[in-house]
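Chain by chain, the residues:
2 protein chains.
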Amino acid sequence: MSKALGAEADALLLELAAITSRPGMIARFYLTPEHRRAMDLVGAWMRADGLEVSEDAVASVRGIWRCGKPDAKRLVLGSHIDTVVNAGRFDGPLGVVAPLLALREARRAGLRINHDIEIIAFGDEEGSRFPATFAGSLALTGQFNPASLDGLDEDGISLREALIAFGKSPDDIAKAAIARETFAGYLEVHIEQGPVLEAEGLSLGVVEAIVGQTRGVLTVTGVAGHAGTVPMAYRHDAFQAMAEMAFALERRARSGRDGLVATIGKVSIGPGLVNVIPDRAVFSIDVRSSVDATRVEAVSMFLEEAHAIAARRGCTLEYVESQVAKRVACDPVFRAGLAEAIALGGQRVRELPSGAGHDAQVMAALGPSAMLFVRCKAGVSHNPAEFASHEDMGDAIAALAAALPRIGNVRNDTD
Amino acid sequence: MSKALGAEADALLLELAAITSRPGMIARFYLTPEHRRAMDLVGAWMRADGLEVSEDAVASVRGIWRCGKPDAKRLVLGSHIDTVVNAGRFDGPLGVVAPLLALREARRAGLRINHDIEIIAFGDEEGSRFPATFAGSLALTGQFNPASLDGLDEDGISLREALIAFGKSPDDIAKAAIARETFAGYLEVHIEQGPVLEAEGLSLGVVEAIVGQTRGVLTVTGVAGHAGTVPMAYRHDAFQAMAEMAFALERRARSGRDGLVATIGKVSIGPGLVNVIPDRAVFSIDVRSSVDATRVEAVSMFLEEAHAIAARRGCTLEYVESQVAKRVACDPVFRAGLAEAIALGGQRVRELPSGAGHDAQVMAALGPSAMLFVRCKAGVSHNPAEFASHEDMGDAIAALAAALPRIGNVRNDTD
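Chains as they are written, first to last, in my numbering: chain A, 1 to 415; chain B, 1 to 415.
Chain A extracted, bound-state conformation:
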């Protein structure tokens, strides 16, 4: 049963995956002809299920099911349908397809809740086209920053121009917002993009929080020299200083608590010649934890250590912080509802943080927000090898269907 639901979901995912701007791979960017076709496809699915379909001014497709109660609040379920270059077919679209099928299942089983349900397909989560991202969820929560309309894509087209060319009116963006008093909450199904559920043999997990993040760039300056003529004791090798810092950062993250992770993903050294001692090393850091204090302390202690390493080696160190995002907690009542639904399916409930950012973190500004993670193969995402099985997707749809009445009723009762 569950497996059949997953197969049904996958058929829809494959239909969406066929819509791409680059032959031989999945690539679907915000406000492009492919986005248009994907929106039309999702809209058609929604209409076929009897939802009231509309599009807002930032090109989110929205389908509403009415519970029939007066003054019903709105429970939003969704994710995004834009992708990175050479993407998989699950990251994003699964969070649109799963609620569609779950709502269908739940209605078939006689769903009675106190909220309207809105299924939404955001168009701008990956940030593949414009400098700013999350246009859909920012508009939906009234947080859209008009300054981002001036951001340009690589062809020099602004978001404003692209919206207008897409038939949307930037002046109407404010109208896309859901009023706080009518918002019941947001629920997003997404592949885990990590290896935890697979390692623990679980198909589903409840996200307890979307982790906080610090990004920055360190520049080590040393002294260049001839690789043959400068004895080790006389060197001020910027790369070796960086290597020691990298090692220190990794050690700190490994021994850290609260899901602390640290990554050096971007590195360059100068002058970059085989026989010249490097005088310059530049590297990025990306540090995350589900507890903000843990992250902030880790970064600060690492920087202290890095400065000491630089000083001991006669190098200098400069650090520029480029981005800081605080942890966003998922709603405890929603989490409990998801946990109950998972337990109902006979599985152990695993709570885990989301190390990646999602629309759910934007939605949390308006009210309850939560996520259901689905096991993916080897933790791989943003890659054609991205994979979630029919069984696991079926489990997710079944759990979501089971969670709807729990979340939907509880909230109105406690309002």
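Don't take every hint at face value.
To be verified - Residues from chain B shown here face chain A by an in silico Cβ test under 10 Å; the list is partial:
{"id": "1", "residue": "T20"}
{"id": "2", "residue": "P23"}
{"id": "3", "residue": "G24"}
{"id": "4", "residue": "A27"}
{"id": "5", "residue": "V217"}
{"id": "6", "residue": "T221"}
{"id": "7", "residue": "G225"}
{"id": "8", "residue": "D237"}
{"id": "9", "residue": "A243"}
{"id": "10", "residue": "L249"}
{"id": "11", "residue": "S255"}
{"id": "12", "residue": "F283"}
{"id": "13", "residue": "A378"}
{"id": "14", "residue": "P384"}
{"id": "15", "residue": "S389"}
What the hints assert, rightly or not - Which bits of chain B does chain A cover? Going by a derived footprint, with three or more residues having C-beta under 8 Å, they are:
{"id": "16", "region": "192 to 203"}
{"id": "17", "region": "228 to 234"}
Worth flagging that the hints you see were computed from the coordinates, not collected in a lab.
Owing to the predicted nature of the structure, the values given are computational and were not obtained by experimental measurement.
All residues carry an ideal CB built from backbone N, CA and C; glycine is no exception.
Once you have looked at the hints, place chain B on chain A.
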């Protein structure tokens, strides 16, 4: 006195430095119009001192002073007049100018030796233009490889074509060779390109050997992953593996004997995105020591350690050795002659290895070869900041003048 000699040398170096293909910097490449002008200038200096000047088929300028004895062997003194891009004025040219002035000084003092003296200005030591290098000293020692004539510069011009355009006949290269039985030895004055003499307060040093060298490239392959979603314990981070290897290599070199140095000068990582765990790290190693066994053992033990690091981290490691050059010892009799001359100037004699390659290592294939190092500021070379003082260059010229009769006589006596 010594300082005046150095000032005289510097005047000549400045004349040469003015010959450049790039305004605002020194850049003088093999077989270019600037090389032609530099050869003419050096030839004119030689002629003014009464030397017999000629050019050979690979465009070395050669000036001979005859000692007047029948069956005299030939003692060769020289260095190169080509440069890197944005060079200093000392690296190479000092080794042409110093013997000119030293010979003048020695003759003024009534030089009597059993060897003819040939001063030579090689045109191809830096390898700035063609893939192969050392054309001058390879031809002089009969080791020139005709295959290198097919090597192309960045404009697609072969060495053969460039020689012909320069008015030289590639067929005559074999005629440039000095017969082994008439070769008395080679002596090269060069800036140290390292910090040792400066650190020890000495203007001169005797090179005991040109160090052996191993170069290779290591490729670490790990597993890419999302910087936020893969816990530290699940990572196979190729860059972190490389950082640990770098640290291990440095530790090994630092604790090594025999002037062991190790450098990682070239690094690249993939995919190279801030928020993606690197799956690929490629880096060069350059390992040198004045004792070959020390170098070979260091490389082999490092590779063992690197493989263990890769294995422990679930990464794979590939190593490709690109270049191995054995140590070339300097001639003990020549070294003793230089040491005596330095001691005569009242200085402590410091023997040190040359970590850089020089024509002297090529010349050693034919007979005795030796080098005199001159202190340079902060060990800097291949850079406009390259600097040797008038005092130090004067010391070098005086020492060389004093060494000539010592080396020149001893050799014939012991033949």
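Taking the hints in turn, this is what the structure says about them:
1. T20: Hint violated; T20 of chain B Cβ to chain A Cβ min 21 Å, cut 10 Å.
2. P23: 22 Å, violated
3. G24: Violated - the Cβ of G24 of chain B stays beyond 10 Å from chain A, reaching only about 19 Å at its closest.
4. A27: 16 Å, violated
5. V217: Given a least distance of 9 Å, the restraint on V217 of chain B holds.
6. T221: 15 Å, violated
7. G225: 6 Å, holds
8. D237: Holds: closest Cβ of chain A sits about 8 Å from D237 of chain B, inside 10 Å.
9. A243: 4 Å, holds
10. L249: Nearest chain A Cβ about 9 Å off; hint holds.
11. S255: 9 Å, holds
12. F283: 9 Å, holds
13. A378: Since chain A brings a Cβ to about 8 Å from A378 of chain B, closer than 10 Å, the hint holds.
14. P384: 13 Å, violated
15. S389: This interface hint is violated because 18 Å lies over the 10 Å limit.
16. 192 to 203: holds (count 6)
17. 228 to 234: holds (count 7)
Checked against the numbered hints above, the structure violates hints 1, 2, 3, 4, 6, 14, 15; every other hint is satisfied.
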